[in-house]
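Trainee: Take a look at the letters that make up each chain.
2 protein chains.
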Amino acid sequence: MELFYFQYFAEGIGHLGPEESNHCIRVLRHREGDLIDVIDGEGTLFHCKILQADPKDTVVELLSSEENWGARPYRLTMAVCPTKNNDRFEWFVEKATEVGVDRIVPVIGDRSERKVYKTERAERIALSAAKQSLKAQIPDIDEPETVRSFIGTCNAACKLIAYCFEDGSQPRISIREAIRGESDVAILIGPEGDFSPEEVRLAIEKGFRPVHLGHSRLRTETAALTAVEAVYFEFI
Amino acid sequence: MELFYFQYFAEGIGHLGPEESNHCIRVLRHREGDLIDVIDGEGTLFHCKILQADPKDTVVELLSSEENWGARPYRLTMAVCPTKNNDRFEWFVEKATEVGVDRIVPVIGDRSERKVYKTERAERIALSAAKQSLKAQIPDIDEPETVRSFIGTCNAACKLIAYCFEDGSQPRISIREAIRGESDVAILIGPEGDFSPEEVRLAIEKGFRPVHLGHSRLRTETAALTAVEAVYFEFI
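Sequences listed follow chains X and W, in order.
For the first sequence, counting from 1, position 135 maps to 135 in our numbering; every step adds exactly one.
Add 1000 to the 1-based position in the second sequence for our numbering, that's all there is to it.
Fair warning: there could be bad hints in the mix.
[As the list claims (entries may be wrong)] Reference listing, derived: stretches of chain X covered by chain W, where coverage requires no fewer than 3 residues with Cβ under 8 Å from a Cβ of chain W:
id	region
1	88-102
2	129-140
3	225-234
[As the list claims (entries may be wrong)] The calculated lysine to any residue pairs, modelled on SDA-like cross-linking and capped at a C-alpha distance of 20 Å, are:
id	chain 1	residue 1	chain 2	residue 2
4	W	LYS1084	X	SER133
5	W	LYS1084	X	SER128
6	W	LYS1084	X	GLU94
7	W	LYS1084	X	GLN132
8	X	LYS84	W	ILE1125
9	X	LYS84	W	SER1133
10	W	LYS1084	X	LYS84
FYI, nobody ran anything at the bench for these hints, they're computed from the structure.
Heads up, the beta-carbon is just placed ideally off N, CA and C, and yes, glycines get one too.
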């Protein structure tokens, strides 16, 4: 099964956009009249017929649709500090999309070495991974914000912060225990140098629960994916 | 905490080897008399004192040791078909080592596009990831063998095979269910084109249980890491 992605659609007609059109017509050699499946990125799958097999602007007729196609029974927001090495963060975006995530927020912490993050590449990776893993919904990649700002605005029902240092003030529980029975989860993952104690204090004040991810010392991107997997396993 | 790795040691004296010596002396600027921690790769951590701060051959005195340092309460063998794109398999090796794995077997399936695999780079990645994630045991990276050969010789207590196609003959259970209470696990993960029906039949005949990894369609390397995470979460 191969999925395409709409540039836009209206009144029963859709356009694939130049990149998708090229892939559909030149690479996969689809022709006028062929039936293809197209996602809107918001969770709906459309069964379509090609009206115009143009490698720059393929036009399709929308025959039928399936809302919430392949939808997960949970909503997951991952707020993760971008790594120094950009490849590692992008790898996280790809893998998290495959496994299942709704929203990725690049957050900048007090101790982040990377203070700026451009989202274009991550958006392309998320689109590609969503199509590859047969999902109709592409995760939102937010513009970067500070850890403190995310802490202040996050309104998930279950808010968690994973960090490494032990200050003893607040015992951390296992992420598995923390997410049991939860279906609207947000998880904060710090930078290579960890969160600052002030960030952790602020998070706890705002209702985040401190969690640990087990006994292994994990890199930022591995910790973030491990958290995504923990939530995934709650529902399989 | 920084870990080093022995080239060899005997009678209370150890040598770090050229690469580790260079890192220890030139990069981290350790000097004679400094105390460092060195792993043997088999699970023991040694507290050592530098006797000879030579960037080509650093010699240390073994002061004390901790066996089974940071050991996991389970044993996990991952037999995974190397991906077409080598980076993706190497990424799996790194992440699996961070999370926890004892043995990685590159296996060649009937439908593998990659028929040969050289283990040197994976060995270096596993060493580096073990040190990074503070493990005294480095996973063994086996020489490649065929899926059929692995099926014939694997003697883990719990043997699982994860595949995508549904032939209906054998219902697959969730990996979480399959590993419950198991502490000696081997998991077979197929190539991009999946296992052949003959391989699956043979595996089942030899006591492998067919499992699924949930609702997402995962790439080979993501499926393999997801299986490693499933076992990891059984014990946290």
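Trainee: Confirm or reject each hint.
Mentor: Hint check:
1. 88-102: n = 5 at 8 Å, threshold three: holds.
2. 129-140: Holds, because 4 residues of the region 129-140 of chain X bring their Cβ atoms closer than 8 Å to Cβ atoms of chain W.
3. 225-234: It holds: at least three residues are needed, and the region 225-234 of chain X offers 6 whose Cβ sits within less than 8 Å of chain W.
4. W/LYS1084 / X/SER133: Holds. W/LYS1084 to X/SER133 sits at ~18 Å (cutoff 20 Å).
5. W/LYS1084 / X/SER128: OK: W/LYS1084 and X/SER128 at ~18 Å, within 20 Å.
6. W/LYS1084 / X/GLU94: holds (17 Å)
7. W/LYS1084 / X/GLN132: holds (16 Å)
8. X/LYS84 / W/ILE1125: Judged against 20 Å, a Cα distance of about 19 Å means the pair holds.
9. X/LYS84 / W/SER1133: holds (18 Å)
10. W/LYS1084 / X/LYS84: violated (28 Å)
Hint check: a violation occurs at hint 10 only; the rest are consistent with the structure.
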